[in-house]
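Student: Go ahead and model the full structure; you've got the sequences and the hints to work with.
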Amino acid sequence: ESLFVLALKHYLDSQVRNRMPLLNDNDLPLEKRLKNYMMSIVDRQCCSGSPKGCMVVMCQPEALGKNIPEAGRIALKEAGEAVQLNLKEFFLTDKESILAELDRNATTNALIIATTLRGTASMACTGRNKKELEIVVDHCLKSMIKLN
347 ESLFVLALKH YLDSQVRNRM PLLNDNDLPL EKRLKNYMMS IVDRQCCSGS PKGCMVVMCQ
407 PEALGKNIPE AGRIALKEAG EAVQLNLKEF FLTDKESILA ELDRNATTNA LIIATTLRGT
467 ASMACTGRNK KELEIVVDHC LKSMIKLN
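Residues 347 to 494 (the numbering used here) are what the sequence shown spells out, left to right.
Calculated directly from the structure, the hints in this document are not laboratory data.
Even glycine gets a Cβ: it sits at the ideal position worked out from N, Cα and C.
Treat each hint with caution, since some may be false.
Computed beta-carbon distance windows for the label pairs [claimed, not checked]:
(1) H485 <-> A353: 29 to 37 Å
(2) E424 <-> L445: 30 to 38 Å
(3) V351 <-> P397: 16 to 24 Å
(4) L445 <-> E416: 40 to 48 Å
Here are the computed lysine to aspartate or glutamate pairs in the EDC-like style, where the Cα-Cα straight-line distance is at most 20 Å [unchecked claim]:
(5) K378 <-> D440
(6) K423 <-> D359
(7) K434 <-> E416
(8) K378 <-> E447
Tutor: Pasting the structure below:
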């Protein structure tokens, strides 16, 4: 149980949290920063040198049952929520996001991106490639920015 929680923490530190600085590259327009962030995750999800998908996304269905001990279930829940919380904070504080009024729907915008990335993780496991999933990312961003 402790090993699983440590492995999950390592995964989050090395594969999830290190992508957040891509959102703060203020030399790029907002939509490009969001795409760079999302595509860095899709790239990892599709990488041939490691298991396809996302550890958190693949483990979370198991957490619904009794196959993962309590500490593991709690860690997975927190891991799933962390991405959304980080994105929500980004939408609430980024100057360009505020100008585009994306802060008004920060919670929903964070959910849209997190859900899209969970979907791309699942699709990467089924063999979809980066180029196919990039179309999904582009559609997500166009829809989200248009809706706000």
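Student: When the hints from earlier in the document are held up against this structure, which numbers fail?
Tutor: When the structure is compared with the hints, only number 7 turns out to be violated.
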